[in-house]
Structure formats: structure tokens, C-alpha cells
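Start from chain A and add chain B according to the hints.
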Amino acid sequence: MNVILNEPLSQISLLFVSAAMGLLAVALLLFAFQLAKLKDDPSESKFEKFGFVVLILATAVLAVGVVLRGVAANRVPWANMYEFSITGALTILTVYLISLRVRDVRYVATFVTGFTLVTLFAAVSLFYVEVKTLMPALQSYWLVIHVMVAILAVGFFAVAAGFHIFYLIKSAGKLSGLMDRFPDLKIMERIAYRFNMVGFVSWSFTLIAGAIWAERAWHRYWGWDTKEVWTFIIWVLYAGYLHAMATRGWNGNRAAWLGLIDFSAVIFDFVVVNLFFKGLHVYSGL
Amino acid sequence: MSSSRFSPVFWLRWFWRQLTSMRTALFLLLLLALAAIPGSLYPQRSADPNGVRLYFDERPELAAILDSLQLFDVYTSVWFSAIYILLFVSLVGCVLPRMRVHANSLMRGPVQTPKNLKRMSAYIETEGKVDLELAKKVLRSNGFRAEIQENSVSAEKGYAKETGNLVFHSALVAVLIAVGVGGGLSFSGQRVLVEGDTFVNNLASYDSFSPGPLFSQEELNPFSLRLDDFEVVYDLRNPANLGQPVDFIATATLDDGESTTQQQFRVNYPLETSGANVYLTGNGFAPVVTVTDGAGDVAYSGPVVFLPQDSNMTSLGVIKVPDALPEQIGMIAFFYPTVTELASGAYTSIYPDPIDPLLTLNVYTGDLGLDGGIPRNVYALDVTNMDVVASRDGPNPPVELRPGESAELPGGIGTISFDGLLRYASVDIAYNPGGIWVLLFSAIALVAIVFSLSIRRRRIWVRVTGEKIEYAGLARGDDEHLESVLKEIKDEIEKEAQA
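Each protein sequence line maps, in turn, to chains A and B.
Each residue of the first sequence is one higher than the one before, starting from 108 at the first, in this note's numbering.
Each residue of the second sequence is one higher than the one before, starting from 25 at the first, in this note's numbering.
Isolated chain A (complex conformation) (with noise of 0.2 Å):
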């Protein structure tokens, strides 16, 4: 193991992380403005175009960013709070634009780009840290997959959480000027449930992995740890989503409403667990 940090370089990975952030705010500002448009004009979508292109290029100097701290650090850049919070973010920004691809999830846009940016925002004033060296205990290429796989997970629920939070909105008859131009309930409904759907079985992986890594590095595959227990509880939680989803009188508001819980465990576990709560999972690097 001998390693070389690069510091300067790493830096520069966090210009390239702060010039996304404001790339994402001008995103951020052109999505509010076609929303505002789009109440008395559905055909406009000069704003929503732009936007589009300004969010790619944040996505792309973010990937730089995120790029350059993994060759700083040389390694995976996920290995304390700052870089899952980057990475996360990439992660966020990468399965939303592939989804736009295959699906019409336009609707979302301000919802993901503010989430990102928020998430950016406290990676880089709370969780910063400078590179170091990875600590024996997670020198393992399960730290490749297992917390790969996770951060792809949370994409997928994140996006899904946006669906929720304009379900709701537009179930509610709130905002109905500008939830008219939206998709139907059934289609949003549908939506969210594919995409919390692909980060079930993630979730499912990346449990899996993490009680592989954890009989590999603590003898046991499982023993309750504060973060295998929050792993479990958002697994169940969704778990109990996707039931929602297949039981009459579930799906529709309540079926949102718990997606929306679901996904507020998810960031439960990210911020409060990793700061705050005693436990193995000690690798918030603060």
C-alpha cells in the first residue's frame, strides 16, 4: 500500500464540484421559469431546453469533479461523507438524464436538480474533507460494489421521490394551473413505482454485499449494527411500498405518502445515522 495522495488535485476536483453547483442552480432557475411559463402556455419550452443543456454540462463537470478526487485520493471516490455525497449526487444526475431516454420524466427536473444541488451544497460546507489514505477496514473491493450499488439505489429513490412529492401535489388539487400540464396520477403513480422498483432490488444488492463485506471484516454477516439496521428498515420499508402498491385501497395517496416516508429513511440514514449514531459504519470522515 503506497499510495500517494494528490491535495492540489483534489482542489481542483472541488472547483469543478463548486462550478456544478452553479451550473445547477442556473439549471435550477430555468426549470422554475418553464414551470412558470408552463402554467399559461403548455407549448412553451425555450426555458425547459436550456435547462436541459446547462444540466448536462453540470452533470459532466460534476463526473470531472468526482473523476479528479478518485485520481487525488487514488481510488474509488466514495470512501467518506463528502465523496458519497458527490458521487451520490453524479449518481443522482446520471440516472435521471438515462431515464430521460426511456421515459418522460421532464415533470421532475426542478425536483432532482434542487435535490442535487442541495445534497453538493452540504458535501462541500459540512462534509468536506481532504484526501486521505483508505483505513485497512475498508481497503475490500466489496467497498467498489456494495457502495456502488447503494448510491445507485438512492438515484432510483430519489427520482421516485420526486414523482410522490407532485403526486401528492397534484392529488391534493394544489397548483392545479400547473399540475394540469402534468402527467396523469396513474402515469406518475406508475412511474415512481418503477423507479422505487429498480432501487428495491438495488437496496436488496447492496444488503446482500454488505453482509458478505461484514462476514469478511467482523466475522459475522450481520449482527445490528446501527447502519445494517437502517438498511434493513429502508428494505422493509419499501418492501412494505411495493405491497402497498399490490393491495386494493394502498396504492394512490397512502402508497405516495409511504414512498415519501420511505425515501426520508433513506436520508435519515445518510445524514443522521452516518453523523450522529454510534456504530461501525464510522467512515463519515468528520
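Calculated directly from the structure, the hints in this document are not laboratory data.
You can take every hint at face value.
Per label pair, the in silico range of CB-to-CB distance: (1) Met-46/B / Arg-288/A: 31 to 37 Å; (2) Arg-122/B / Gly-280/A: 36 to 42 Å; (3) Leu-58/B / Lys-144/A: 40 to 46 Å.
Built from N, CA and C at the ideal position, the CB exists for glycine as well.
Just chain B now, with coordinates in the frame of chain A:
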């Protein structure tokens, strides 16, 4: 009828129906998630026994109340167990009948064509002529199971959806059983090994040992393990984490009765023997000391395990010399791998590797309290019944030794020499035969859930009544593509019919 309406059997059936309903499963799932939360808020005996002890010390009354609610043992508590057992009973009660239904539908093939196809969720009506054999062929080439029933073709596909669903839930039951049985047969134990020490796998060799309820001593395969060398690699190149350990490498000679091999094990890379794995979990220094007593006889000689107190490996150790004459000697010792003096005059270590090591000792004489038959912690010294001979507060200054040095103990009670420095490794030796099965069934569950969630179950019917041709489709659950699929099938049949 009114008498049987409220009979025990009625209520049992009613209860069973409630328990196996989807609504109950959903409720129990949410309840399970909720019940798991306290285990992350309060320290758990299984994961953090020290935390529980601290909690009792700090808030004994609250701790007693929490303990009576089993909040320190959430995952083995009555209430948590009740929820997941009910959940699994509900699951089995739900899955078993569905298995029968699914097996039947797999054997029987497509259902009877409904009388009124217009009521299906997708419906197309055309006029013309279509050969049912041809319709059947087209449906089959699209992956449907199809059969001709009088004037119609009934077809169905996506059986793997329900298969996946049932396999997933059965696999979860299997996971639960494997966890239970494996945990019962499992054991794990801890042992501290100084470089040069040999561990022989029997109960007496463990410093602590926690067996599962079904454990028997025959599970301990005879092997011995000698810790030849333990190396800690520090980062010397990067200012940001100078002196951080980047690798711990234990080199050991394993003798499993048949052959002797030298192997390395590290964090994340346990040493595998038949019947147990050996995991590296901790490390520290073990200074080697020799103590002679007032009579000039060697009263103690060997390595002493010191517990690290900070990241620079300032370490605390206790040396007990019960055989010293005329009085027993006890010492509380500090070891500083790279020592520096603070402004207060106290020492501290500024680097974890022994570059400038120093051993300091506070010396006591009197009764070590080892003869009362009460088990004593080897890492703590009770000085209440002892006289201070040397400490920072007097009467003599603490004894200070560098490697190779020796010193007289004050008052002519003996001498001590610091002969050398060894490292020790804390290892866990663990075995759980259930692990591999848990993994296997989890993997099956994962594959099955992908099938269950991604495959569509669809039924399609084609009925010919004179000149009228009806196409109808029905899907399980929400299926936005059903209509387009039905239309494609219709188009394909028509195209084939023309050809």
C-alpha cells in the same frame, strides 16, 4: 347456522383470513420497520455490550426500565420476535395456497375463455376470417402458452412472475431458517496473541467465548496457530495522514493436524481453516519485562499486553507480580511508542510506531487481591489495599525505562528490566455454518424478485364467431402496454393470415 357463526372454528378461520391478508402483511412490515428503530437508538448487548454497561452506569434507573422493556436486546426481544414471527406466519399462510393455485394453473394451462370478452381491459373487434390454429401459432411464437377451446384461443404468458414471487417469499423463509439454525450452531471467541504465542483451538484457549445455543465442543476442529510476526504499515508519504496505519499484516503458522503452512491474514482478509476463520480485530504493544523481587529471584518474566489509549498508541498496562517476596508487587505502566514531554511534565506519544519508546511505571506493594477467589481483570489493578512506592504524586518518581534498560525499584523491593518490545494481535475465531446457506437463499430471493417485478402476466383471447373476430387481453396488475401488445398480436395474426 347462527350457532356455528360464532364457533371457535369460525373465529379461527376469521383470524387466519385476517392474518394472511395483504393488508395485514403490509401492516406487519411497517410495524417491523418501526420496531427495529429503537435498536439503533439504544446500545445493544449483541453489538455494543460496553455501551449497555455505560448506560447502566450513567442512568441506572432509566436503564432498568429500558431493560425491562428489552430495549437493550431489541432483536431478540419478545415483541420484535412476535412481529417477525407473525409476519412469516402470514407470509406462509399467503404463499402456500397461492403455490397450489399456481401449480394448478401451470399444469392446466390457459384458462377457460370468458363468455364476455368485451369486459376485459383490452378489447378489439374486427371482421374477417382467421384460422384458430394460426392464431395459436402466432401467440406461441410470442411466448404465450396457447390452446384452442371450441371457437376461441386462450393464451397466457408470464407465469414466471408468480413463480418468482413465490420463490422469493419461500427463499425468505429459508433465509430465516438458515439464520436460526446457523446462529444456533455458530460460535465466536476472542483471543489476544503476542508475537510468538501459539493458540490451540480448545475452549480453555479462548479469552472469551460465545457459543450459539446448539453449539457442541466437537465443532472445535483441532488446529493450532502460532503468531510468527505482526507488522503494522504506517503512511510515511502523505502529510494529510502521516502515521495513519494503512495495513496490518499478521503472519502465522497454521497446523491443522495434517500439514503446517505459513499464512498471512489482514483486516478484511481472514485466515481460513477448516471449521473456523481467524479474523484480525485489534492490535497493540506487549513490552517484555523481567521483575526480580527483594530476594533477588526472578518473580515475573515475559510480555505484558498493553491496551492502546489513543491513536498514537499511548498504551496502558498492568504488571502483577504475585510471587514477589517479601510483598506482592503491582505496577500500573504507561508505554509511549514515540514519547514527548508536555508542558505539564506529563508524557504523551506523538507517533504510533516505536521510534523513541519509553515505559513508565507506578509501583505499588501489598495485597494484589488475587487469593480471594474473586476473578480479577488482568488489565486493571485495585490499589485500595496497596502502598504507593512510586508514582507522579510520590513518594518516589515513576520508574522510567527505555528498551534494554533496567532499574532498581525504590525501597529495595526488587528490580525491573525492559527487555524488548513485541506487538500483539487481537483475533476473533468464528464459525457459522448457516452463512453460506443464508447467502445462497438470499441470492435466490434476489433473482426471484427480479423475475417477480419485471415480468408481466398477460392473458389474451381470440374468438371467432362467424365473421366476427374478437381480441381481448387482461393483465395482472397495472399494465400500460397491454393494449399495444394486443394490437401487435392482432396485426401479426392478420398479416400471417394474408400470407
